[in-house]
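Protein chains: 2
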Amino acid sequence: MRILSCLAALALAACQSAPAIPAAPEGNTPSPAEVIAASKPDEWRTLDPENTLYMDFPGQNGKGGGRVIIELAPEFSPNHVANVKTLSREGFFANGAVTRVQDNFVSQWAQAADPARPPQRGVEKLNAEFTLPRAAIANFDVLPDPDTYAPEVGFVNGIYAARDATRVWLTHCYGMVGVGRENDENSGGGTELYVIIGHSPRNLDRQLTMLGRVVQGMEIMSSFPRGTGDAGFYKTPEEYQRYADIKIASDLPPEQRTPLEIMRTDSASFDTLVNSRRWRKDDFYTKPVGRIGLCNVTVPVRSAAQAG
Amino acid sequence: MRILSCLAALALAACQSAPAIPAAPEGNTPSPAEVIAASKPDEWRTLDPENTLYMDFPGQNGKGGGRVIIELAPEFSPNHVANVKTLSREGFFANGAVTRVQDNFVSQWAQAADPARPPQRGVEKLNAEFTLPRAAIANFDVLPDPDTYAPEVGFVNGIYAARDATRVWLTHCYGMVGVGRENDENSGGGTELYVIIGHSPRNLDRQLTMLGRVVQGMEIMSSFPRGTGDAGFYKTPEEYQRYADIKIASDLPPEQRTPLEIMRTDSASFDTLVNSRRWRKDDFYTKPVGRIGLCNVTVPVRSAAQAG
Chain A
1 MRILSCLAAL ALAACQSAPA IPAAPEGNTP SPAEVIAASK PDEWRTLDPE
51 NTLYMDFPGQ NGKGGGRVII ELAPEFSPNH VANVKTLSRE GFFANGAVTR
101 VQDNFVSQWA QAADPARPPQ RGVEKLNAEF TLPRAAIANF DVLPDPDTYA
151 PEVGFVNGIY AARDATRVWL THCYGMVGVG RENDENSGGG TELYVIIGHS
201 PRNLDRQLTM LGRVVQGMEI MSSFPRGTGD AGFYKTPEEY QRYADIKIAS
251 DLPPEQRTPL EIMRTDSASF DTLVNSRRWR KDDFYTKPVG RIGLCNVTVP
301 VRSAAQAG
Chain B
1 MRILSCLAAL ALAACQSAPA IPAAPEGNTP SPAEVIAASK PDEWRTLDPE
51 NTLYMDFPGQ NGKGGGRVII ELAPEFSPNH VANVKTLSRE GFFANGAVTR
101 VQDNFVSQWA QAADPARPPQ RGVEKLNAEF TLPRAAIANF DVLPDPDTYA
151 PEVGFVNGIY AARDATRVWL THCYGMVGVG RENDENSGGG TELYVIIGHS
201 PRNLDRQLTM LGRVVQGMEI MSSFPRGTGD AGFYKTPEEY QRYADIKIAS
251 DLPPEQRTPL EIMRTDSASF DTLVNSRRWR KDDFYTKPVG RIGLCNVTVP
301 VRSAAQAG
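Just so you know, the sequences run in chain order A and B. The opening residue of the first sequence carries number 1 in the working numbering; numbering runs sequentially from there. The opening residue of the second sequence carries number 1 in the working numbering; numbering runs sequentially from there.
Any copy will do: because identical chains look the same in the list, a pair fits if it lies in one copy or spans two.
Only pairs whose alpha carbons sit at most 30 Å apart, straight line, appear in this in silico DSS-like list of lysine-lysine:
| no. | residue 1 | residue 2 |
| --- | --- | --- |
| 1 | Lys40 | Lys281 |
| 2 | Lys125 | Lys281 |
| 3 | Lys287 | Lys125 |
| 4 | Lys235 | Lys281 |
Worth flagging that the hints you see were computed from the coordinates, not collected in a lab.
Just need the whole structure built from these sequences, with the hints factored in.
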């Protein structure tokens, strides 16, 4: 009886119309660099400057500076994305700071140069955008491997996602960006944002609004000193990790933009890449695993200057 | 046909004698602090000083210092644990350094003050200790939730583990410590070690020898600047993150030891803790998930001075 209910739950959870896991490639698997080198130009897409954020850190003591680039996902959280862009354009994020770094969890940032100053044209609170109706997202690229938390997982325009029979949502994988809120589900708006810097806390899925993914600069966000206050908040403003601003790429002149390309997750090369990692076999990894976790997949990003 | 093979694979993978996932607790779930406060003294165990390593970082520029504490798992890798202890006792690790920090992957360290100096009584290479026969580990505390990579997962003396019908092994969760090697499976010995600092790379399971887990100081290991060389190696010795030494706790006088307690993973309080995180429901998390991933479980550690 226990085994039967277990089977039934698993069937529901993981087999609902799931494609089979592809077979092992013959011989050694190619490296990501080899898959990228063999890819075609139309298997990549450029970032949309209207939906790309630059978070520029000047660094401290000559270290830790650089540009963090966030690709927004307006199809999942249109109101929050629009609000964050409005906040950026009114200068809300200028001279802000990372105020919380909790180990194995999140780095969180906020407009903190003048915490008493409320948004002017943007707003502080929006209704939650946790999930969409499943049918709202047609281009869901399924990853057939079993997942602990969701019946089906995959990628939507290169961003980690999951769905069940009725809904689709973004998932809290490493590098994913979400919207801080208070207890009220509708209390977040985008004035505080966070990025996942540790083992992916998938239990947050569908409990917080997500709006994109860091596609460059995670090594900046993940290596700040951990805060020693409750929940990893820095105890003093002196510890804050300050950024110059958060700007929309299209608001900068072209020569100040960072042109990136993302491998299309509906491309043959991406399928080859995932399967070569799933069945990785080379001089070092001699025992192919045959499975890959959603958050263990890295979606390739390259400079447009590197494009073949 | 596809669905049938999928079901069969899942049945084999996740239902083999697995206990059912416990039901949701009624009402709000207790926080970890509340579960710990309600626990009994005999639900904790003290670290064995003979199988505890201290890695002391002096810090640089007054920052980043502190003690990293590793609990060894000699039942899984007796030869590697014995060798690392021999290396420690011959002073091999004195004035060593973290030489590689790859974002979302590992921090790796080695005796580097005099790289040309080989071990004297310890050895550089040992036969791999990747898995044990399943029957060798009687105290496997099963986590019934489904896992992407293994048929069954759980804890052995508080350390993350997995097993199938014939074998049992340690898993690459955040904070787990493994043995660096070359391509030859039998080329590692413990002169180079690594700790997982990002989303858990479970594809490494059974491909590298693991010997324990960091139980204090992960925030030190995870926040070093990322190396900019291939695979995250630091390009110059100036970037190395130096530690004073790696010592066995029992080799230090009692007043220099750090007395820690670990919650027993075979205790009722640990079961309560896991289930309260699996079904987390409180003022902030209003939608219980009903699942928890192996590497999403945090095994509580406290100072023996905090013991009730």
